[in-house]
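S.K.: Residues per chain are reported as follows:
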Amino acid sequence: MTDTRDRIREAIADGSMGERLWLYATYHCNLACVYCLTESSPRIDRRRMLTPEAMARAAGEAADLGLTCVGITGGEAFMLPWMPEALADIASVLPTVVLTNATLFTPPLLDRLAPLARYDFAVQISLDSDQPSRNDELRGPRNFARVMDAIPRLRDHGIRVRIATTVEHQTEDELGRLCELHRALGIPDDDHVVRSVVRRGRAAVAGLGVDLGPTDVLPELTITADGAFLHPFAPTVRHGRTDIDLLVSRQTTPLTHAADKFIRIVSGLPAGADVVRNIR
Amino acid sequence: MSRLPLPSHDQAPPLARGWYRPDGCASALTRSLANAPDLMETLMPFLGVIMGESSIDLPTKELVILRVSQLNGCRYCLAAHRPIARAAGLSDEQLEGICGTGPGGALDERHRAILAWVDQVTLDAPGVTDQLAAQTLDHVRDDELIELTVLAGTITMLNQYCTAFDIPAPEAGQ
Chain A
60 MTDTRDRIRE
70 AIADGSMGER
80 LWLYATYHCN
90 LACVYCLTES
100 SPRIDRRRML
110 TPEAMARAAG
120 EAADLGLTCV
130 GITGGEAFML
140 PWMPEALADI
150 ASVLPTVVLT
160 NATLFTPPLL
170 DRLAPLARYD
180 FAVQISLDSD
190 QPSRNDELRG
200 PRNFARVMDA
210 IPRLRDHGIR
220 VRIATTVEHQ
230 TEDELGRLCE
240 LHRALGIPDD
250 DHVVRSVVRR
260 GRAAVAGLGV
270 DLGPTDVLPE
280 LTITADGAFL
290 HPFAPTVRHG
300 RTDIDLLVSR
310 QTTPLTHAAD
320 KFIRIVSGLP
330 AGADVVRNIR
Chain B
198 MSRLPLPSHD
208 QAPPLARGWY
218 RPDGCASALT
228 RSLANAPDLM
238 ETLMPFLGVI
248 MGESSIDLPT
258 KELVILRVSQ
268 LNGCRYCLAA
278 HRPIARAAGL
288 SDEQLEGICG
298 TGPGGALDER
308 HRAILAWVDQ
318 VTLDAPGVTD
328 QLAAQTLDHV
338 RDDELIELTV
348 LAGTITMLNQ
358 YCTAFDIPAP
368 EAGQ
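Protein chains in written order, with this note's numbering: chain A, 60 to 339; chain B, 198 to 371.
Please keep in mind that the hints were generated in silico from the structure rather than gathered at the bench.
One or more hints might be untrue.
[Unchecked claim] Some, not all, of what chain B presents toward chain A, calculated at C-beta under 10 Å:
1) P204
2) Q208
3) L212
4) A213
5) L236
6) E238
C-beta: ideal position from N, C-alpha, C; glycine also.
Just chain A, with the same shape it has in the complex (with noise of 0.2 Å):
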């Protein structure tokens, strides 16, 4: 354990891995989008998903670990209907943003999300385009709507909101509207995050986005229900079958065994690109 944390430093230290734990919370999903890396939806077979008590177990274990943060991410996390208090559970421990399509926040779920704004905790919203019709292109009917409503609320909760835009066909005109349009809902530069479809899992299918060379990426501990991944963008699902080209152990308990496994890939790993991508 003492070594790995001390691997874990210097590779944080030297920017050859990232800080942040990823939690796959559930590859279940109430939206199909185009470029989805899991191929999630409201129709697949198979939910996989970490329990709370896995979620938390992790959380607490990375801390030890010496990463400082940790991203919730799916799927979509609100499916899970304890998620709210998981949340409460894991920012409790360390700074956590949890990646959203907004489009499940009733009022009640939103009272559950409340206690959270007294931690270091962020909703990160997708965010498409400024214009309905070319987000809900890529995200699905009616999307852009309930992202328009979800945001102000959220902040009304005292929830920080930040906003991902992944890229396919937007052009500079439409981000730079776009940028407008999250300032004039409150939310900073800082917290909008622009990055490119990864040519991986349905968007591989349709063709879409680029591919990742082996240091496009910056490695982050990743885990899924079906094992340990080098990065959120690895547990990709094609067809059906999770990826295994980036698989780094289907063993996650305890963490330290997949913790131990992913520093020696990445301790194998040349210097990256993936600042320039901005693929993070």
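Given chain A's structure and the hints, the job is docking chain B onto it.
M.R.: Relative to the frame of chain A, chain B by itself:
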């Protein structure tokens, strides 16, 4: 047709790639195991030790591997190990004796005693007698019999694995 994916070097998990040869190739068995890299990290070194030369010479190890594979009817292991056995120094006549397709006269007394032990352990372990154990120990030490018995069990496990998943047998020359 394999019932498991057989990932190429680039499709395999990073920690499994070290078990592929420098040219990126690997046996179908290795490629199938790459689907479970954690298991592979434990299993591959073990297989290297149990199948490799020790105080027991390689021809004797290959004799056990082929005999057990023959008893279990494993096409993959027989096809993979016949050339290895030949390279280890076993003659075609000895191979026929081991696989039961020819007379066993080409085998010396030690090898015949080991085959008798392996046959009993593989087909009916509860039927092992003190007499058979004593007869076998006339030719090998305790530690060697332990190693040969663990090898026989390991090969049965691999035979079951390759047969159940229909791992494609290597063709001649592969």
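S.K.: With reference to the structure, classify each hint as holding or not holding.
M.R.: Going through the hints against the structure:
Satisfaction of the interface hint for B/P204 is found here, the shortest Cβ-Cβ separation to chain A being roughly 7 Å, below the 10 Å cut-off. Evaluation of the B/Q208 hint against chain A yields a held restraint, the C-beta minimum of about 5 Å falling below 10 Å. Evaluation of the B/L212 hint against chain A yields a held restraint, the C-beta minimum of about 6 Å falling below 10 Å. Satisfaction of the interface hint for B/A213 is found here, the shortest Cβ-Cβ separation to chain A being roughly 8 Å, below the 10 Å cut-off.
Hint status for B/L236: holds, given a least beta-carbon distance of 8 Å to chain A, under 10 Å. Annotation: interface hint on B/E238 holds; nearest CB of chain A at approximately 8 Å, less than 10 Å.
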